[in-house]
Amino acid sequence: MLFVAKRLGSALLVMFAISIVVFLIFFATPGVDPAARLAGRGASPEVLSQVRHAFGFDQPLPVRYVLMMDHLFVTRDLTSYVNIGDKVVPQIMQAAPVTLSLVLGAAVIWIVLGLGGGILATRFRGSVVDPIIMVIGIAAVSLPAYWVGEVVNLITQDRLHDSVFSWVPPLGYVPFAQNPGQWALHLLFPWLTLALLYGGIYARVLRAELVTAMGEDYVRTGRAKGLSERRILWRHALRGSLSPVVSLFGLDLGSLIGGAALLTEVVFGLPGIGKLTWDSLQNLDLPVIMACVLYAAFFVVAANAIVDLLYAVIDPRVRRA
Amino acid sequence: MVEVTVAIATSERGTPRSRRSAGPWRVAFTQIAHNPVAVGSAIALVIIVAVCLAAPLYAQFIAHTDPFQSNINGTTVIDGHSVAVLQQQTQGLGLGVEPIGPTWNISNYFLGADSQGRDVFARLLYGGRTTLLIGFSSALICCALGALVGIIAGYFGGPVDWVLSRLMDIIWAFPVYLLAISLSVVLLTGGLRLGPIVIGPSNLLLPILIIALIYVPYVARPIRGQVLSLKNREFVKAAIGLGASDWRILRIEILRNVLPTVIVFIPLMMALNMLTESALSFLSIGVQPPNASWGTIINDGLDLLYTRPAVAIAPGIMLVITAVALNLLGDAVRDALDPKAKLRGAA
Amino acid sequence: MPAAPLLEVDDLRVAFRTRDGVVNAVNGLSFTVGRGEVLGIVGESGSGKSMAMYSMMGLLDNPNATVTGSARFEGTELIGMPLPKLNRLRGSSIAMIFQDPMTALTPVYTVGWQIVEQIRTHEKVSSQAAWKRAIALLDEVGIPDAARRAKSYPHEFSGGMRQRVMIAMSLACHPSLLIADEPTTALDVTTQRQILELIRDLQAKYGSSVIMITHDMGVISEIADRVIVMYAGRAVELGGKSQVVRSPRHPYTWGLLGAIPRPGQRGQRLATIPGLPPGPHDDQIGCPFRSRCRFAMDECSEMPQLRATGEAADHLDACWLSGDARKSLRGEIA
Chain A
1 MLFVAKRLGS ALLVMFAISI VVFLIFFATP GVDPAARLAG RGASPEVLSQ
51 VRHAFGFDQP LPVRYVLMMD HLFVTRDLTS YVNIGDKVVP QIMQAAPVTL
101 SLVLGAAVIW IVLGLGGGIL ATRFRGSVVD PIIMVIGIAA VSLPAYWVGE
151 VVNLITQDRL HDSVFSWVPP LGYVPFAQNP GQWALHLLFP WLTLALLYGG
201 IYARVLRAEL VTAMGEDYVR TGRAKGLSER RILWRHALRG SLSPVVSLFG
251 LDLGSLIGGA ALLTEVVFGL PGIGKLTWDS LQNLDLPVIM ACVLYAAFFV
301 VAANAIVDLL YAVIDPRVRR A
Chain B
1 MVEVTVAIAT SERGTPRSRR SAGPWRVAFT QIAHNPVAVG SAIALVIIVA
51 VCLAAPLYAQ FIAHTDPFQS NINGTTVIDG HSVAVLQQQT QGLGLGVEPI
101 GPTWNISNYF LGADSQGRDV FARLLYGGRT TLLIGFSSAL ICCALGALVG
151 IIAGYFGGPV DWVLSRLMDI IWAFPVYLLA ISLSVVLLTG GLRLGPIVIG
201 PSNLLLPILI IALIYVPYVA RPIRGQVLSL KNREFVKAAI GLGASDWRIL
251 RIEILRNVLP TVIVFIPLMM ALNMLTESAL SFLSIGVQPP NASWGTIIND
301 GLDLLYTRPA VAIAPGIMLV ITAVALNLLG DAVRDALDPK AKLRGAA
Chain C
1 MPAAPLLEVD DLRVAFRTRD GVVNAVNGLS FTVGRGEVLG IVGESGSGKS
51 MAMYSMMGLL DNPNATVTGS ARFEGTELIG MPLPKLNRLR GSSIAMIFQD
101 PMTALTPVYT VGWQIVEQIR THEKVSSQAA WKRAIALLDE VGIPDAARRA
151 KSYPHEFSGG MRQRVMIAMS LACHPSLLIA DEPTTALDVT TQRQILELIR
201 DLQAKYGSSV IMITHDMGVI SEIADRVIVM YAGRAVELGG KSQVVRSPRH
251 PYTWGLLGAI PRPGQRGQRL ATIPGLPPGP HDDQIGCPFR SRCRFAMDEC
301 SEMPQLRATG EAADHLDACW LSGDARKSLR GEIA
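Chains A, B and C, in that order, give the protein sequences.
Going left to right, the first sequence walks through residues 1 to 321 as the numbering used here numbers them.
Going left to right, the second sequence walks through residues 1 to 347 as the numbering used here numbers them.
Going left to right, the third sequence walks through residues 1 to 334 as the numbering used here numbers them.
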């Protein structure tokens, strides 16, 4: 329990640190007047003074930080100056389920693919499975997910849409609550695009871990105990090999939510946080971008903390740390 | 003990450093040279770099085009007929214009035109120059900076280490794309002004520095760990015991042992950085017009995806080939120099 | 005529295919282990003693290794036994403990869990009953507060305690043969003693046979009934403990015994055997020890057979030296 408290405490600390960094980037980068940045291109003097007042530009830095956090998380009345009157936080809240659907669905698929691939590759070491996993692994770190998404779109939406892929719905998103079947169908290709890439990496990492684990002394002990090869692989080798995969999962969940998923949303026309960020990037709507970054970053930190707690469940040695 | 003394003594006499390190370096080089995958990747990279460097020659002497000048009303000659580069779209919804598609004629709109009538192939080559330049220089800066931070933190320890490590922790915990987006969007709206230094919003230095900065912890963390364990090795302890200065130990014992890892990171980092650059450019916060990069061309092609897919697909293919070659080469270099080196757990 | 031995090994060979040809890690090893007997196998690292045990137990997973010869346990051939059948023997009738207790236990499960797993693999008992037995076993091998410690993970034990856990686990199904592969090597000296005493006490109590693999003649003299001295994959001397320790016949054994520090020997240089054991690729014709043997003769280019060279018919060695000359020659070494 002490471990849980410690881990959550450090997550809070990291969130605080990130918010400071974001604050400094947006409000204290040397260059032009930060108020002019926030107000957007060609803002009128009235808007500028409005921004100055709302974010306390006449006051010292710590006060400005508090004001920013207040607008973001307490009163949640941060408004876009480009699309005047649009409240930012409700937009994010609306977009969040889309991003979560994309990321979590893809994560489930890639974990299954990755674990399955890694275990298969270990069972059939030295067969064709090995080079296949190797190729996918290299491709996964070399392919831009958004570009793969475009290729997938080109094939499923256009080139083969009249034949093989006539069942593929047009780009967009259908909420789960409205129609679960359509929800899954609309998300299928975005999921697969992400999951194939990440699944390849996981299969490769897990295979390397498993091959190492199968050479460990405790595997020999298991054999000397008379355990079946299957039990040794599943109960002994796999358990220890999962730890690096889990910690990788924490990192990837973060990079996915804040990166690859963001780009995938744009390509597949999914109105999630990534699409929101993209839209505001097109007209440099800084308040929205700032809010998206902070919310996404906080979500990532929370996800990492959860993954770390999971890690401690899997590997008892971590709990002492 | 004796060996260390000798080593220090010889280097004091100014023995060329290469004499002691020639052995392992040469062994590694031979191993890479005998690895067909590595050699193939290296050849592919050389070709890609050479072709991209030749972009101005191609534009001027073969295609006779200016890839940065929009050519909305231009015409070109195909099969003896004069054709408008941008045709009014007649089919489908009939909205907008349709650029001409690939002619597969190397001297004339080889891959067709983009929505502004510019030669896609020429832009592809120019874009390659930008992407490769950003990838390479940011990888170098990132590895140098990461190594510096890692060595200083690991070697001096104490409060220096604490501050640097916490700084790295924060950047590490910050999702890289979000950090890059924050930095880019702020710098692109006004450029960077540090006293007398002014970097304009469209300067390529901005994406280079941003990308280099966000990946520093990827390099600094493993290097710090390596320095920490080196510090406890006998030969370093012996050097300390013999009263060698910090500078000498850093230079002779630490740097020399850390260098292989840093070199292993460079190609892997370059692949990662190129992909990041493209992603940022795709989001329109990386390379700014009039410059083009593979990422910005993919972005240009997004609206033309179903009519003229070559615009978005071609730069993607170039990007993937380059990244695969770099990753394969990086893996080979790692196997030869430092098999245990890991870039962020994965790959 | 005594009853049939528990384990009968005959001409056991382990060959590895390598890039430079075939290497024989175990080269025609034959011995028997009687019921309730403690057999010590001693030799330098790389002499093939562990390899011989692993090959019998089907624990060599190197695809380039081929095992030939015969090892009959209670009359059943172990070599080439199909895995499911072998798995019924491993851990129940034949148990093993290993050199490094730090790594031999799976780090992510409690020690109690691992002992319960051992029991329930071979016996149909409820997990509560198995857990009770696990605690009793831990108690028996001298782990204080066993009921609580059963719920601890391997990393929470010291090296010696972990080896006790390994012993408890190996004894869980009352094996008739316990193979201990250098069980004390990774431990500090005082712990080594305790572990040896524990093995000896438990062996006496349960009457299991033990094969004790070690490179330490001291361990042999402590615990073994009979001794095999191995060198480069072959047995070079075989006999009762007192025969081998008190009147060793092979020059290699002389060297081994000379390398044990003794009280009253202070100030003297500890004897060592000059040179290194032959590498795996050195030529394998003739006596493998001859390059390090100061008594090497022309005959040594041919491998001597293991045979009785002295008065005792059950004290064998493989050396061309004439039986009478040995006493005086040994004096030269000491």
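Each hint should be verified, as a subset may be incorrect.
Unchecked claim - Computed list of lysine to aspartate or glutamate pairs in DMTMM-like fashion (alpha-carbon distance at most 20 angstroms, straight line): (1) A:Lys-6 / B:Asp-169; (2) C:Lys-151 / A:Asp-315; (3) C:Lys-85 / A:Asp-315.
Stated by the list, open to error - Restraint ranges, calculated between C-beta atoms of paired labels, are given here: (4) A:Ser-127 / B:Arg-193: 57 to 63 angstroms; (5) A:Ser-127 / B:Arg-248: 34 to 40 angstroms; (6) C:Ala-325 / A:Ser-127: 56 to 62 angstroms; (7) A:Asp-130 / C:Asp-10: 49 to 55 angstroms; (8) B:Lys-237 / C:Met-297: 47 to 53 angstroms.
Note that these hints are calculated values from the structure, not bench results.
From the three backbone atoms N, C-alpha and C, an ideal C-beta is built for every residue, glycine too.
Hints and how they fare:
For the given pair, Lys-6 of chain A sits about 16 angstroms from Asp-169 of chain B by alpha-carbon distance, which is consistent with the 20 angstroms threshold. The straight-line distance between the Cα atoms of Lys-151 of chain C and Asp-315 of chain A is roughly 15 angstroms, inside the 20 angstroms bound, and the hint therefore holds. With a CA separation close to 33 angstroms, the supplied pair Lys-85 of chain C and Asp-315 of chain A exceeds the 20 angstroms bound. Range check, Ser-127 of chain A to Arg-193 of chain B: about 60 angstroms between beta-carbon atoms, so the 57 to 63 angstroms window is met.
A hinted range of 34 to 40 angstroms is violated for the C-beta pair Ser-127 of chain A and Arg-248 of chain B, which are about 53 angstroms apart. Checked against the given bound of 56 to 62 angstroms, the beta carbons of Ala-325 of chain C and Ser-127 of chain A, roughly 60 angstroms apart, stay inside it. Between Asp-130 of chain A and Asp-10 of chain C the Cβ separation comes to about 39 angstroms, which falls outside the hinted range of 49 to 55 angstroms. Distance hint check: the CB atoms of Lys-237 of chain B and Met-297 of chain C are about 49 angstroms apart, consistent with the given range 47 to 53 angstroms.
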